[in-house]
Every structure is written in structure tokens, then in C-alpha cells.
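Chains as they are written, first to last, in the UniProt record's numbering: chain A, 1 to 189; chain B, 1 to 189.
What the hints contain is simulated information worked out from the structure, not anything from laboratory work. These numbers were taken from a predicted model, which means no experiment stands behind them. Here a beta-carbon is modelled for each residue, glycine too, at the ideal position from N, C-alpha and C. Honestly, I wouldn't trust all of these hints.
Cβ-to-Cβ under 8 angstroms is the rule here; a few derived chain A residues that face chain B [as the list claims (entries may be wrong)]:
#1 I21
#2 S142
#3 T168
#4 A182
Listed next, the in silico EDC-like pairs over lysine to aspartate or glutamate satisfying Cα-Cα at most 16 angstroms (straight line) [unchecked claim]:
#5 A/K127 to A/E8
#6 B/K131 to A/E185
#7 B/K130 to A/E185
#8 A/K153 to B/E171
#9 A/K130 to A/E8
#10 A/K10 to A/D63
#11 B/K154 to B/E8
#12 B/K160 to A/E171
#13 A/K131 to B/E185
#14 B/K131 to B/E8
#15 A/K160 to B/E179
#16 B/K139 to A/E179
#17 A/K160 to B/E28
#18 B/K131 to B/E111
#19 A/K130 to B/E181
#20 B/K160 to A/E185
#21 B/K29 to A/E181
#22 A/K130 to B/E111
#23 A/K131 to B/E169
#24 A/K160 to B/E185
#25 B/K160 to A/E179
#26 B/K153 to A/E171
#27 B/K127 to B/E77
#28 A/K35 to A/E179
#29 A/K29 to B/E171
#30 A/K130 to B/E179
#31 B/K130 to A/E8
#32 A/K127 to B/E185
#33 A/K139 to B/E179
#34 B/K131 to A/E179
#35 B/K130 to A/E179
#36 A/K139 to B/D63
#37 B/K139 to A/D63
Reference listing, derived: stretches of chain B covered by chain A, where coverage requires no fewer than 3 residues with Cβ under 8 angstroms from a Cβ of chain A [as the list claims (entries may be wrong)]:
#38 99-112
#39 160-173
Protein chains: 2
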Amino acid sequence: MASTRIREAKESDCGDIMRMIRELAEFEKLSHQVKISEEGSRPSPPPSAFFVIPPISVALRADGFGENPFFHCLVAEIIPAPGEPQGSLVVGYGLYYFIYSTWTGRNIYLEDIYVMPKYRGQGIGTKIIKKVAEVALRKGCSQFRLAVLNWNKKAVNLYKFLGAQDLTESEGWLSFRFEGEAMRELAGC
Amino acid sequence: MASTRIREAKESDCGDIMRMIRELAEFEKLSHQVKISEEGSRPSPPPSAFFVIPPISVALRADGFGENPFFHCLVAEIIPAPGEPQGSLVVGYGLYYFIYSTWTGRNIYLEDIYVMPKYRGQGIGTKIIKKVAEVALRKGCSQFRLAVLNWNKKAVNLYKFLGAQDLTESEGWLSFRFEGEAMRELAGC
Chain A
1 MASTRIREAK ESDCGDIMRM IRELAEFEKL SHQVKISEEG SRPSPPPSAF
51 FVIPPISVAL RADGFGENPF FHCLVAEIIP APGEPQGSLV VGYGLYYFIY
101 STWTGRNIYL EDIYVMPKYR GQGIGTKIIK KVAEVALRKG CSQFRLAVLN
151 WNKKAVNLYK FLGAQDLTES EGWLSFRFEG EAMRELAGC
Chain B
1 MASTRIREAK ESDCGDIMRM IRELAEFEKL SHQVKISEEG SRPSPPPSAF
51 FVIPPISVAL RADGFGENPF FHCLVAEIIP APGEPQGSLV VGYGLYYFIY
101 STWTGRNIYL EDIYVMPKYR GQGIGTKIIK KVAEVALRKG CSQFRLAVLN
151 WNKKAVNLYK FLGAQDLTES EGWLSFRFEG EAMRELAGC
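Could you put together the complete structure from these sequences and hints?
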């Protein structure tokens with residue numbers, strides 16, 4: 001029988017990860033916000049006399065698999081049973097980075113977690129979460145955070161079942177974002 | 001007349017920052033969650049046969065002002081007018097780090113923003129936000145995020161007035177956190 005393993009992503013997984021990033025954004029009905037590409041660079045912000053905008057390439061491969069990666073990534077891989085003709089298959093991912101709490105120090109933020117629809121209901125999401133908990137403890141973190149859309153009841157229920165606390169519900173935390181024109185106006189450019 | 005400037009924090013500001021971290025937690029009615037200290041280290045997690053827990057020192061000074069800082073910090077400083085006898089005074093701070101969005105690349109997370117009660121209503125919070133926007137653009141980020149408690153109406157209104165989007169309201173994002181026993185159980189230790 002085939003088995004699933006969670007392993008660290010390699011550079012050669014970038015194609016699969018990029019495909020799943022798009023699938024996740026589509027599932028979340030927020031595809032229009034996806035600006036990143038596997039190799040390409042972000043369109044430059046408008047030129048300004050006040051700011052030197054470095055030409056940072058915002059591309060999955062460069063950002064995650066260079067010398068000082070901006071994030072870490074786990075992939076869920078289906079390994080075929082011995083003798084089965086097909087190769088292994090990447091069917092999910094969990095992408096995280098280190099954050100800093102002024103209350104508890106260095107922690108992990110799980111930015112994305114995704115399992116392809118066909119492979120859901122087999123505990124793969126749970127396996128990814130477990131691996132993140134393991135990495136967090138290994139790295140001396142006492143917590144890891146993540147965000148979930150309120151209508152994604154399956155995910156909400158899974159995280160609660162696994163022991164997570166809904167901080168929006170229990171403490172009243174709201175997520176805010178500054179971007180685009182508002183951000184440029186604030187910066188005076 | 002005295003003036004206010006926003007500048008990068010120095011190691012010698014740690015005492016002021018630590019004091020304000022505690023004041024902010026108290027204001028947010030979540031002081032019991034503060035485990036960090038200026039110099040000390042976090043109590044070690046329980047020993048485990050499966051995990052090598054590195055003895056990471058979780059202390060503001062070591063974490064923010066070493067060779068590879070886990071965060072960056074701005075402070076708001078009141079500069080006395082020439083001839084005034086008192087020295088300058090640190091009355092607020094904004095603590096941030098870099099995060100990674102799989103949709104828009106590297107961005108900033110403003111973990112804490114605080115102005116001492118006596119100095120509120122003078123636009124110091126806005127000045128901190130503006131500086132964060134400036135840093136974000138300089139570093140090639142297209143967004144910065146932050147979290148706010150739903151009952152902190154003054155902050156909610158200020159962020160909205162400055163152009164931030166409430167993502168919990170507009171898109172339905174909830175904040176979840178794994179910690180403590182739940183995390184150790186997940187990791188199997």
C-alpha cells in the first residue's frame with residue numbers, strides 16, 4: 001500500500017508548490033491577490049524621488065531556496081508501494097517562517113497549509129500540523145500561529161480538534177493590512 | 001518646544017522597550033502571557049527523549065540586538081527644546097519583523113505598537129505607522145500587517161482612518177494558535 005510522508009521541500013518541488021499555492025488561493029476565493037511566480041519578479045513599485053526601492057525578486061525559488069531563505073516549506077508526498085509503476089506524488093504543503101512574540105520569544109507562523117482535494121480525509125493535513133509542532137519544539141518555540149477563513153469550517157474544526165485556540169473568538173484579535181496607495185501615502189511617496 | 005522623532009531602537013533602549021512591552025500587555029489585559037525578560041532566558045520545556053531542545057535564550061536584548069536579530073524596533077522619542085533641562089524621553093515603540101506571503105512575497109508584520117497613555121492624542125502612533133510604511137517600501141515590501149483587539153476602538157479607528165483593511169471583517173480571517181500541551185501532544189513528546 002502507498003504511504004504518505006512529510007518531508008522538507010527541495011528546490012525541485014517548486015513547480016508543485018507553486019501549483020498548490022494557486023490552488024489554495026482559488027479555494028480561498030482570493031486568487032486575484034496572487035502576485036508571486038516561480039521564477040519571475042514582482043512588478044516594480046512606481047519610481048519615487050524619496051525611496052530607493054531595491055529590485056527584490058519575489059519568486060518562490062529565489063526566496064525559499066537561496067542562502068538566506070525567507071521561509072521554510074514542508075511537502076506531503078505519497079510514496080507508492082514497492083512494485084507499483086507510478087512515481088511519488090506531492091499532494092500537499094505547509095509553508096512557515098519564524099516570527100517573534102514580545103511575550104514568548106521566537107515562534108513559528110504557518111502561512112499556508114494545503115492538501116489537494118482528492119487526498120483530503122486521510123489525515124495528511126494533521127500530519128503536516130504535527131510536523132510543524134515538532135519543528136517548533138525542536139527550534140525552542142513555545143507556540144505556532146496560523147490564520148483560517150471563518151467559512152472554512154473543516155479547517156476550523158480540525159485545528160480546534162487538534163488543540164488550537166481561536167484567538168479571534170477568545171481574545172478578540174482582528175487582522176489588519178496596509179497596502180498599495182494607503183501605504184505609499186503614509187510613507188509620503 | 002519639544003519635538004518627537006521616530007528612530008531605530010538601540011540596545012540601550014531595551015529597558016524602556018521592556019517596560020512598554022509590559023505596559024502594552026497590561027493594557028491588552030493579557031499580562032499573564034508575558035514570559036520574556038530583558039536579559040533572562042525562557043524556562044526550559046520538559047525534557048524529552050525525542051527532542052533536542054536547544055537552550056535558546058529568549059531575551060529582548062539577545063534576540064533583537066545580536067548579529068542576526070529576530071526583530072527590528074522603532075522608538076518614539078521626545079526631544080526637549082534647546083535649553084530645557086530634562087533629557088530625551090522614549091514614550092512609544094513599534095516592533096516588527098519580516099514575514100512571507102506566498103501571494104505577494106516578503107512583507108512586514110508590526111507585532112507591537114504602543115504609545116504611553118500620557119503621550120497619546122499627539123499623532124505619535126501615526127508617526128510610528130508612517131515610519132513602518134516607509135521601511136516596508138524601502139525594503140521592497142508591498143504590504144504590512146498587524147493585529148488589534150476588537151475592543152480597542154481607538155486603535156481600530158486609527159488604522160482604518162490611515163487606510164488599513166480589517167481582513168477579519170472583509171475576508172473572514174481568524175487567528176489560531178497552538179501551544180503548550182496541545183503542541184507537545186501533536187509532536188508526540
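Cross-check of the supplied hints:
1. I21: holds (5 angstroms)
2. S142: holds (6 angstroms)
3. T168: Constraint on A/T168 satisfied, holds at 4 angstroms.
4. A182: Holds: closest Cβ of chain B sits about 3 angstroms from A/A182, inside 8 angstroms.
5. A/K127 to A/E8: Judged against 16 angstroms, a Cα distance of about 13 angstroms means the pair holds.
6. B/K131 to A/E185: holds (11 angstroms)
7. B/K130 to A/E185: Cα-Cα ~9 angstroms, so holds.
8. A/K153 to B/E171: Since the Cα atoms of A/K153 and B/E171 sit roughly 14 angstroms apart, the hinted pair holds (cutoff 16 angstroms).
9. A/K130 to A/E8: Status holds; Cα separation ~13 angstroms.
10. A/K10 to A/D63: holds (13 angstroms)
11. B/K154 to B/E8: violated (25 angstroms)
12. B/K160 to A/E171: Outside the cut-off at roughly 20 angstroms; violated.
13. A/K131 to B/E185: holds (11 angstroms)
14. B/K131 to B/E8: Answer holds: B/K131 to B/E8 is near 10 angstroms, not above 16 angstroms.
15. A/K160 to B/E179: holds (12 angstroms)
16. B/K139 to A/E179: holds (14 angstroms)
17. A/K160 to B/E28: violated (24 angstroms)
18. B/K131 to B/E111: holds (14 angstroms)
19. A/K130 to B/E181: holds (13 angstroms)
20. B/K160 to A/E185: Given pair B/K160, A/E185 holds - Cα atoms ~14 angstroms apart, limit 16 angstroms.
21. B/K29 to A/E181: violated (34 angstroms)
22. A/K130 to B/E111: violated (25 angstroms)
23. A/K131 to B/E169: violated (31 angstroms)
24. A/K160 to B/E185: holds (14 angstroms)
25. B/K160 to A/E179: Holds, because 12 angstroms separates the two Cα atoms, which is no more than 16 angstroms.
26. B/K153 to A/E171: Roughly 14 angstroms between the alpha carbons, so the hint for B/K153 and A/E171 holds.
27. B/K127 to B/E77: holds (11 angstroms)
28. A/K35 to A/E179: Status holds; Cα separation ~13 angstroms.
29. A/K29 to B/E171: Answer holds: A/K29 to B/E171 is near 10 angstroms, not above 16 angstroms.
30. A/K130 to B/E179: Holds, because 12 angstroms separates the two Cα atoms, which is no more than 16 angstroms.
31. B/K130 to A/E8: violated (38 angstroms)
32. A/K127 to B/E185: Roughly 13 angstroms between the alpha carbons, so the hint for A/K127 and B/E185 holds.
33. A/K139 to B/E179: Measuring from Cα to Cα gives roughly 14 angstroms; hence the hint holds.
34. B/K131 to A/E179: Answer holds: B/K131 to A/E179 is near 14 angstroms, not above 16 angstroms.
35. B/K130 to A/E179: holds (12 angstroms)
36. A/K139 to B/D63: Holds - the C-alpha atoms of B/D63 and A/K139 are around 14 angstroms apart, at most 16 angstroms.
37. B/K139 to A/D63: With Cα atoms ~14 angstroms apart, B/K139 and A/D63 stay inside 16 angstroms; holds.
38. 99-112: holds (count 11)
39. 160-173: Since 11 is at least three, the answer is holds.
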